[in-house]
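J.: Spelled out from the first residue to the last, the chains are:
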Amino acid sequence: MININLIFPEIFISLSIMFLLIFGVYKKNSSKLVYSLSIISLLIVLALCFNLRTVTEVYLFNESYQIGYLSTFMKILVILSGVFVMSVSLKYLKINNILKIEFPILILSSILGMIVMISSNDLIVFYMGLELQSLSLYVLASFNKDNILSSESGLKYFILSALSSGLLLYGCSLIYGFSGSTNFIQISENIDINQYSLTFGIVFILVGLAFKISAVPFHMWAPDVYQGSPTPVTLFFAILPKVAALTVLIKILYVPFLNLIEQWQMIVIFLSIASMIFGAVAAIGQKNLKRLIAYSSISHMGYTIAGLSTGTNEGIQSSIIYISIYVVMNLGFFCCLLMLKRDGKYYETVEDMSGLSKNHPMLSFSLLLILFSLAGIPPLAGFFAKFYVFMAVIKSEMYFLAITGLLSTVIAAFYYLRIIKIIYFDPEKEKFDTHHNIALKVSLFITTIFILFYFIFPSKLIQIVSKINVI
Amino acid sequence: MIAHSIFFFAFAFIAIISAIMVTVSKNTVHSVFFLILDFISISCLFIMMGAEFLGMIMLIVYVGAVAVLFLFVVMMLNVAKQSNEWFKSSSRSSHIPIGLLVSIIIFFELIIVIGGWKYKPELVNNSINSVSSEITNTHSIGYVLYTDYIHLFQLSGMILLVAMIGAIVLTFRKRSGIKRQSYFKQISRERSEGIELVDVKKNKGVDIDV
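Protein chains in written order, with this note's numbering: chain A, 5 to 475; chain B, 719 to 928.
If you are wondering where the hints come from, they were derived from the structure by calculation, not from laboratory data. Errors might be hidden in some of the hints.
[Said to hold, decoys possible] Taking lysine-lysine and the DSSO-like style, the derived pairs with C-alpha atoms no more than 30 Å apart in a straight line are:
(1) A/K149 <-> B/K897
(2) A/K36 <-> B/K897
(3) A/K32 <-> A/K104
(4) A/K98 <-> B/K892
(5) B/K892 <-> A/K31
(6) A/K345 <-> B/K892
(7) A/K32 <-> B/K897
(8) A/K31 <-> B/K897
(9) B/K892 <-> A/K104
(10) A/K98 <-> B/K897
(11) A/K36 <-> B/K903
(12) A/K104 <-> B/K919
(13) A/K36 <-> B/K892
(14) A/K32 <-> B/K892
(15) A/K31 <-> B/K922
[As the list claims (entries may be wrong)] Distance ranges between label pairs, derived from CB positions:
(16) B/I735 <-> A/L159: 54 to 64 Å
(17) A/S177 <-> B/Q904: 31 to 41 Å
(18) A/E266 <-> B/T741: 14 to 24 Å
(19) A/N441 <-> B/L863: 26 to 36 Å
Ideal Cβ placement from N, Cα and C applies to all residues, glycine included.
So that you can see chain A by itself, here it is in the shape it has in the complex:
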């Protein structure tokens, strides 16, 4: 008998999707109500997930679905950031006239896909979750359909993502063919270490996942899609799919293919180094802030998978801490971006921020902290994230990876500091609107406080994450 209470979060979120859809269709002009109801249902799902925090490791549905520390932690991270994304973006949607009932429903279904992905212990379940989340993301990217950039980004993401899904499925079929099972645990029992044909399957799956977390050389879609989509959707893109894809990456590399570590380690190291350097160098010339954050997220993903390439538990834990802090930093940055509004129009280029400190000292100060943290300057949270990853990498004696990472941090610091220089030392422009809704202010406050005071209680996060033992 399956313990049905272990999948209450999934069941509740799918029921609320269907209920909200019917509710929104039958009640006219209810988009705002549906929006707040879906935030409430996400909070309930969060509580249901939080309820499972003590479950160590349980398998459901013929071992194709796994609930454990890793999946529960990642689910809570995904849902919590989903709540924040939805609560900060209401104003933007209203002003740009794209507040429809479908928006929160698509976000909910995408989150459903992500939590299925996170819990998957089987190639088929993983693929279904991936398709559910990316299908919703295609629509969300082109949600502002009257804007030509938004439509372009949706189409671009759709075509490239379909291509990468095809490659990923091909890899899955190869692995199924050579191991005789789609279940992660059975694959690890059945594989023959000397069989090099399995490497092809791993490579194809890695391509598909690297596309989802936009690691170089599969990053081409990220800047255009980030720039074109509406800002809340960009925020969504920058955070949630990466958390989900990273979890699957951890599971796929460490559950079925741990014995093949010599074969995939070099690939992951290459992905990591290429992403770190490319993300740092290519962001220098960017003028649009959303494009810039796309390149910045590429380089951050490089650091995240640097931890994965070690093949140790410390490496995985450092990656998980890195992605958690990355989520908080990006959330704070986008909160600031959503505050740059004047006369019902949002501004998103670097020049628009010039002299921001004279008119908006508080906003500029939190932006300063967030940017310093993104650059990795102590004692802010971003420094600790990089510190843990480099510690894990150096412990595994991969000095080249650590040195490259440090050097690209220095390069990346340039463009973060350039924005700070523009904010604090350039001639001022017109004032932006000062009244924002309370959710935006609270989110910015929480993220800034987290970034600033992380160094006082660093052990809290480490304690939670240290329970996660994949190997």
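Since the structure of chain A is already known, use the hints to place chain B on it.
T.: For chain B alone, kept in the frame of chain A given last:
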């Protein structure tokens, strides 16, 4: 047994003839009709082999959806009258060599498949043994689909729902200035809304605002 083979040959003959007619017929609408006939005869063949689920799916998906879609496209694009110039025209067509190449490749692939089946029979035997003859295909698919794979089944339902929502979001536009007929409004109209008593003055006339 004889009746079985008579039916088999009848369906197979119709399938092959209609497949040929799809390519040769000059009217595109006729081609689509022959395509439908071809699908139906092939699904009959499937049902005769005992694969009734596959046959029915073939009917529903190919005949019910794909072929009808083809028919609509052909009728809407008005290409029905376009004559088939591959065989008639004197100038050399580039389609024939490529078509021949593809069909030769398909022919060799079929030879390989049938040869493997002939000379390595244990491959086929294995696959036959695993299917129980006591319960039908539909039953055995249902047994795994609603038990072991129930979560995947439900999840694919969610994926289809999202696809539908997405199609509606991206294509639906509220247009203004359209006059729609509303029965409810028409029926619930009162006399006082439609008729107005006007006191007409001499040599003034009535202002009519419609």
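J.: Now tell me if each hint is right for this structure.
T.: Going through the hints against the structure:
1. Taking the CA atoms of A/K149 and B/K897, the gap is near 25 Å; set against the 30 Å cutoff, the hint holds.
2. Distance check on the hinted pair: A/K36 and B/K897 sit about 28 Å apart at the alpha-carbon level, within 30 Å; holds.
3. A hinted pair counts as satisfied when its Cα atoms are at most 30 Å apart, and A/K32 with A/K104 qualifies at roughly 11 Å.
4. Of the pairs offered as hints, the one joining A/K98 and B/K892 holds, with about 17 Å between alpha carbons and a cut-off of 30 Å not exceeded.
5. Among the hinted pairs, B/K892 with A/K31 is consistent with the structure: their alpha-carbon atoms are about 17 Å apart, no more than 30 Å.
6. Annotation: proposed proximity of A/K345 to B/K892 holds, straight-line Cα distance about 28 Å (limit 30 Å).
7. About 20 Å separates the Cα atoms of A/K32 and B/K897, which keeps this hinted pair within 30 Å; it holds.
8. Restraint check for A/K31 and B/K897: satisfied, since their Cα atoms lie roughly 23 Å apart, inside the 30 Å limit.
9. Between B/K892 and A/K104 the alpha-carbon distance is near 12 Å, which keeps this suggested pair within the 30 Å criterion.
10. In summary, the hint linking A/K98 to B/K897 is supported, as the alpha carbons are separated by about 28 Å, within the 30 Å threshold.
11. About 28 Å separates the Cα atoms of A/K36 and B/K903, which keeps this hinted pair within 30 Å; it holds.
12. Distance check on the hinted pair: A/K104 and B/K919 sit about 54 Å apart at the alpha-carbon level, beyond 30 Å; violated.
13. Only pairs whose Cα atoms come within 30 Å are accepted, and A/K36 paired with B/K892 is accepted, the gap being roughly 19 Å.
14. Restraint check for A/K32 and B/K892: satisfied, since their Cα atoms lie roughly 14 Å apart, inside the 30 Å limit.
15. Taking the CA atoms of A/K31 and B/K922, the gap is about 49 Å. The hint is violated against a cut of 30 Å.
16. Judged by the Cβ atoms, the range 54 to 64 Å given for B/I735 and A/L159 is violated: they are separated by roughly 43 Å.
17. Remark: the range hint 31 to 41 Å for A/S177 to B/Q904 is contradicted by a beta-carbon distance near 59 Å.
18. Roughly 54 Å separates the CB atoms of A/E266 and B/T741, a value that falls outside the hinted 14 to 24 Å.
19. The supplied range of 26 to 36 Å is broken by A/N441 and B/L863, whose beta-carbon atoms lie about 47 Å from each other.
In this structure, the hints that do not hold are numbers 12, 15, 16, 17, 18, 19, in rising order.
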